[in-house]
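Colleague: Numbering (our numbering), first residue to last: 1 to 450.
By construction, these hints were calculated from the structure, which means they are not laboratory data.
Just to be clear, a hint being listed does not mean it is correct.
[To be verified] DSS-like cross-link-like pairs, simulated, lysine-lysine; straight-line CA separation at most 25 Å:
{"hint": "1", "residue 1": "K221", "residue 2": "K245"}
{"hint": "2", "residue 1": "K262", "residue 2": "K286"}
{"hint": "3", "residue 1": "K286", "residue 2": "K438"}
{"hint": "4", "residue 1": "K102", "residue 2": "K221"}
{"hint": "5", "residue 1": "K307", "residue 2": "K245"}
{"hint": "6", "residue 1": "K307", "residue 2": "K262"}
{"hint": "7", "residue 1": "K262", "residue 2": "K245"}
[Claimed, not checked] Restraint ranges, calculated between C-beta atoms of paired labels, are given here:
{"hint": "8", "residue 1": "N356", "residue 2": "S73", "range": "12 to 22 Å"}
{"hint": "9", "residue 1": "V297", "residue 2": "E406", "range": "33 to 43 Å"}
{"hint": "10", "residue 1": "Y293", "residue 2": "D267", "range": "37 to 47 Å"}
{"hint": "11", "residue 1": "Q284", "residue 2": "R208", "range": "36 to 46 Å"}
For every residue, glycine included, the Cβ atom is placed at its ideal position computed from N, Cα and C.
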Amino acid sequence: MNSVLVVDDEPGMRMALQASFQRVGWRVETAAGSVDALHKFNASPFPLVITDVRMPDGDGLNLMRQVRSSNPSTAVILLTAFGSVPEAVKAIQGGACDYLTKPVSFDQLQATVTRVMRNAAPAAHKAAEPANAIIGNSPALRLTLDRARHAARTNADVLIEAESGTGKELLARFIHDSSSRSGKPFIAVNCAAVPEQLLESELFGHVRGAFTGAMATKPGKFELANGGTLLLDEIGEMPVNLQPKLLRALQERSFERLGDTKTIGVDIRIVATTNVSLQAMVEQGKFRADLFYRLNVIPLNLPPLRKRREDIPPLAESFAREFARELGRPVPVLEADFIASLGRQSWPGNIRELRNFVRRVLTLSDFKEIDSDLLTSELSNSLRFETKPQAKAPSVAAGTSMREAERYLLENTLGLTGGNRTRAAEMLGVSVRTIRNKIRQYGLPARSTV
Numbered sequence: 001m002n003s004v005l006v007v008d009d010e011p012g013m014r015m016a017l018q019a020s021f022q023r024v025g026w027r028v029e030t031a032a033g034s035v036d037a038l039h040k041f042n043a044s045p046f047p048l049v050i051t052d053v054r055m056p057d058g059d060g061l062n063l064m065r066q067v068r069s070s071n072p073s074t075a076v077i078l079l080t081a082f083g084s085v086p087e088a089v090k091a092i093q094g095g096a097c098d099y100l101t102k103p104v105s106f107d108q109l110q111a112t113v114t115r116v117m118r119n120a121a122p123a124a125h126k127a128a129e130p131a132n133a134i135i136g137n138s139p140a141l142r143l144t145l146d147r148a149r150h151a152a153r154t155n156a157d158v159l160i161e162a163e164s165g166t167g168k169e170l171l172a173r174f175i176h177d178s179s180s181r182s183g184k185p186f187i188a189v190n191c192a193a194v195p196e197q198l199l200e201s202e203l204f205g206h207v208r209g210a211f212t213g214a215m216a217t218k219p220g221k222f223e224l225a226n227g228g229t230l231l232l233d234e235i236g237e238m239p240v241n242l243q244p245k246l247l248r249a250l251q252e253r254s255f256e257r258l259g260d261t262k263t264i265g266v267d268i269r270i271v272a273t274t275n276v277s278l279q280a281m282v283e284q285g286k287f288r289a290d291l292f293y294r295l296n297v298i299p300l301n302l303p304p305l306r307k308r309r310e311d312i313p314p315l316a317e318s319f320a321r322e323f324a325r326e327l328g329r330p331v332p333v334l335e336a337d338f339i340a341s342l343g344r345q346s347w348p349g350n351i352r353e354l355r356n357f358v359r360r361v362l363t364l365s366d367f368k369e370i371d372s373d374l375l376t377s378e379l380s381n382s383l384r385f386e387t388k389p390q391a392k393a394p395s396v397a398a399g400t401s402m403r404e405a406e407r408y409l410l411e412n413t414l415g416l417t418g419g420n421r422t423r424a425a426e427m428l429g430v431s432v433r434t435i436r437n438k439i440r441q442y443g444l445p446a447r448s449t450v
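Work out the full structure, taking the sequences as your base and the hints as a guide.
Modeller: Okay, structure coming up:
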């Protein structure tokens, strides 16, 4: 069960958050101030702490520093009724995962928690698995890392083009950690995950009253990344109408918050990632050529797993250690025939697919030794086989409405890919955003995964 420590000196706020989190299945502990919170955290660390900033016995920033000092994997979200941009920047640079100003709806908080916990997951294993950042020693991977190290020594922007699941964000973090900006913020924004109407505010921030629901001034990712690195993940999903403002911000390293006329300058490095060819999108008129050329200062490619099969054994061993710790079990022995069988698979989902497969094998088996028989058994139960699934010819009758035909095609393609939106988008030749919008439009089950 997920667990959270809620810290606030206002009893009403504590009770409201406790009830809201318990309603969605969380275990909740509350504290009325910093001293009480530290006592409870030291007795039993929490993966997530949500704390007010200003409290009678100490501020949330100091509490955050003490919590992160004793347990670096803990995610911290700060809440305050005294929202100020300098305080927000200080909080993010000090290790906070996000910063929200009161009043805040639970839907907004829950969305923030989901994103923060997803991003914090790799960090939870960093201390126990130092090589977790990028694992492997294949020639193809070494070539990419050497190029990335050279790029890190400069302030040049970087564009990473690679298939889904290859570890693009890890490579972006590698560049940041290898650069002179390593002690500064690394801020990421997924352009495909943020609703189109909110993306501008997410990037550039907004002032109070800029739009309905803008109760206080909030800094954007550009501002929070000042001095460090800003990752624009899945940049190909950037709406066309927002691309000119992004281009200006990249060229001038300055911008205006939504609803404001004051220009803010920043010193940041941009790393953009995409799982589609931006050059092809430019040729199709779906991406601005000038923005592409501005991003493509230093292009990098991460090889897919099928082109670095030598890295499968160390990756599988690392994942086995990670999930054994997670399950509270001894690390199993991966037999040579199991490792060899892994190396023969195509892994179209790359490292993400391999990682999930190793998780499934360890979760569903109690064996101390994992051999190829278990691999064969699990592959036979998988929705994905080694060969790429081929779409069946649609059996839509003549005269069927375009709406019904589109729904039929989308539903069957999602079924064929096991609900994977990214693969469905690739097969249908559209963006992941289009797939997500169509799922919502037709009321299809929300079972899809990216």
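Colleague: Find the hints from earlier in the document that the structure breaks and name them by number, from lowest to highest.
Modeller: As far as the earlier hints go, 2, 5, 6 and 10 are violated by this structure, in ascending order.
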